[in-house]
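Using the sequences and the hints given, assemble the complete structure.
Below are the chains, spelled out letter by letter.
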Amino acid sequence: MTATLPKGQADLLGVAAQRRRTGVWLVALTVGLILTGVVAVGSGAIAIPPLTVARIIGHQLVGLPGEVTWTPPQEAIVWQVRLPRVLLGMLVGAGLAVCGVALQAMVRNVLADPYLLGINSGAASGAAAAILFGAGAGFGQYALSTSAFLGALAASLLVFLIARSGGRVTSIRLLLSGVAVGYALYATTSFLIFASGSAEGARSVMFWLLGSLGLARWNALLVVAAVVLGGTIIYLTVVGRRLDVLAIGDETAQTLGVSPDRFRMRLLVVVSLSVGVLVSAAGSIGFVGLVVPHLARRIVGAPHVRVVPVAALLGAILLVWADVVARVLLAPQEIPIGIITALLGAPFLLVLIRRLHGAGA
Amino acid sequence: MIQATGVSWRYGANPVIDGVSVTARPGRVLGLIGPNGSGKTTLLRLLYGALRSGTGQVLVNGDELSGLPSREAARRLAVVVQETGGETALTVAELVLLGRGPHLSTFQRAGRADHEIAARCLARVGATHLGARAFGQLSGGERQRVLIARALAQQATHLLLDEPTNHLDIRYQHEILHLVRNLDTCAVVVLHDLNLAARYCDDLVLLGRGGVVAAGTTDEVLDPTVLEPVYGIGIRRLDLDGAIHLLFQPIGHPANERTAA
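Quick note, the sequences are listed as chains B and Y, same order.
The opening position of the first sequence corresponds to residue 0 in numbering that gives the first Met the number 0, with each subsequent residue numbered one higher.
The opening position of the second sequence corresponds to residue 0 in numbering that gives the first Met the number 0, with each subsequent residue numbered one higher.
Think of the hints as simulated: they come from the structure by calculation, not from any bench.
Be careful, since some hints might not be right.
Said to hold, decoys possible - Some but not every residue of chain Y turned toward chain B, in silico, with C-beta under 7 Å:
1. LEU67
2. ALA73
3. LEU89
4. GLU93
5. GLY100
6. PRO101
7. SER104
8. HIS114
C-beta: ideal position from N, C-alpha, C; glycine also.
Structural data, given as structure tokens:
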């Protein structure tokens, strides 16, 4: 009966209702993220009540409450160890999620994830070189992350050069060059492990590959991650409409005023930088970048201006919880976080495939 | 007004379009016709800049198309391509609103006026009831109408359509072309069906073997002696009540030979 509604009064196209819905979700997820942060900081080998956590953080940040009602070790655990870790987890989770969103639009494939471009393989080679052969030792505490980042940068450059060698960066060319570079660098990492002949080193590399937030400190790395990933989230939200158009097709994009090649190139630069930073900071944590975009689309629909911020919040929450499980499950031993995300992500993906088939039939 | 002069395109070593010139005049509907493989779609793609000809030039309202920023080009040329985007999870309303993109700055979101335009365009193609549906779940005909609504929402000065009547039933074939004809904009339409071309186009360009075989008003181009060698089919033309109708008879068809004998 929509056709009989007077034109001016109907919520034209249901857009206003959808915006309200998105607003509600954004508020709810932001609250969820804050609560997640407080609970996650309190969880671990030594549990600290959420209220105490909130007090310690408040005291450190704004000097409220002024009266100290907690022990110095509690303060050290909350402020020095767990808070930076939780913040890094949020950044990495949000970054993986939005990079997944961008890549799925760029190559028009629902199975695309942030590691599609082989950037993580580059980072892994860099990390292996640092762990096994002491590469980047001159960078002190940042040796591992710097070496990993340089590896990621090299991989991005390779993908970039191969992808644009034909003049146009098409989605299929991007996909193929990413896969090729990924395999080549994977072989490089394996070779480095083999050549080092150190069993202990090999174990460290594997542990790093599965992802960990254990490197989180109040240091330059956290600042870099915050700036790069925050910037990426904002950029991708702002260009949301162009992502919508690009996801439909190159020809459509062009006729709607978006130059697909140029835009894809810019996205490639932004996404490579982000993935490089987050892989250097936390290793390759799988499935978050693949699964969260789908989750976000289920919640607020397909337009990227809504999907990007929602995916960022969901990714942040999800990764922090995965890290809590990783820390608590076999405490005091820590499980690589990539194992947890894969365990959570794989069944989700199966459900998704079932749904996709259902929609097609 | 679109003026293309001496444009060419080749796929590999095969020139599909070779030094072709066409002009689409304001307020008129130009039809591109020709047999399969004659380069109708290629020519259209040259006209909206998806392909950049190595020779000649394409002028849109007097400016060279290749020199226009893509957003400005999209304000002048709205295009309905055959790429359907059936994979998208956008709703129909969201998809049509994307047509407003070229009019919005990067930080601006679609406002009330844009929603009204989108709703009006959906109504014009008889698709108001589809607004909340997922585009990917529509039938071919419904999709085609929605894509036309998106092109209308662009409010460009030119509308280019690649076989817009594909997937449409007979009623919507006529409704859509009737709609195109009644727009103030300059329209360029690739059409297979010569009778639709006869009814709804002001001017026609007949393509064949890489070049323009005939160009002129619909009345001039739809001449059986011009069409028959290009299509390789027998054609009779009837002018009924001021409208052109074409009847087709395969050359060498048994029924044809019997009447000849």
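Right, here's what the structure says about each hint:
The interface hint given for Y:LEU67 is broken, as the beta carbon of that residue sits about 10 Å from the closest beta carbon of chain B, more than 7 Å. Hint status for Y:ALA73 relative to chain B: holds, with the closest Cβ pair at about 3 Å, below 7 Å. Here the hint on Y:LEU89 is kept, as its CB sits about 5 Å from the closest CB of chain B, short of 7 Å. Proximity of Y:GLU93 to chain B holds as hinted, the smallest CB-CB distance being about 5 Å (cut-off 7 Å).
Hint on Y:GLY100 holds. Least Cβ distance to chain B is approximately 5 Å, under the 7 Å limit. Because the smallest distance between the Cβ of Y:PRO101 and any Cβ of chain B comes to about 4 Å, under 7 Å, the interface hint for this residue holds. At its closest, the beta carbon of Y:SER104 sits 11 Å from a beta carbon of chain B; the interface hint therefore is violated under the 7 Å criterion. Restraint check, Y:HIS114 versus chain B: the minimum CB separation of about 4 Å is within 7 Å; hint holds.
The earlier numbered hints that this structure contradicts are 1 and 7.
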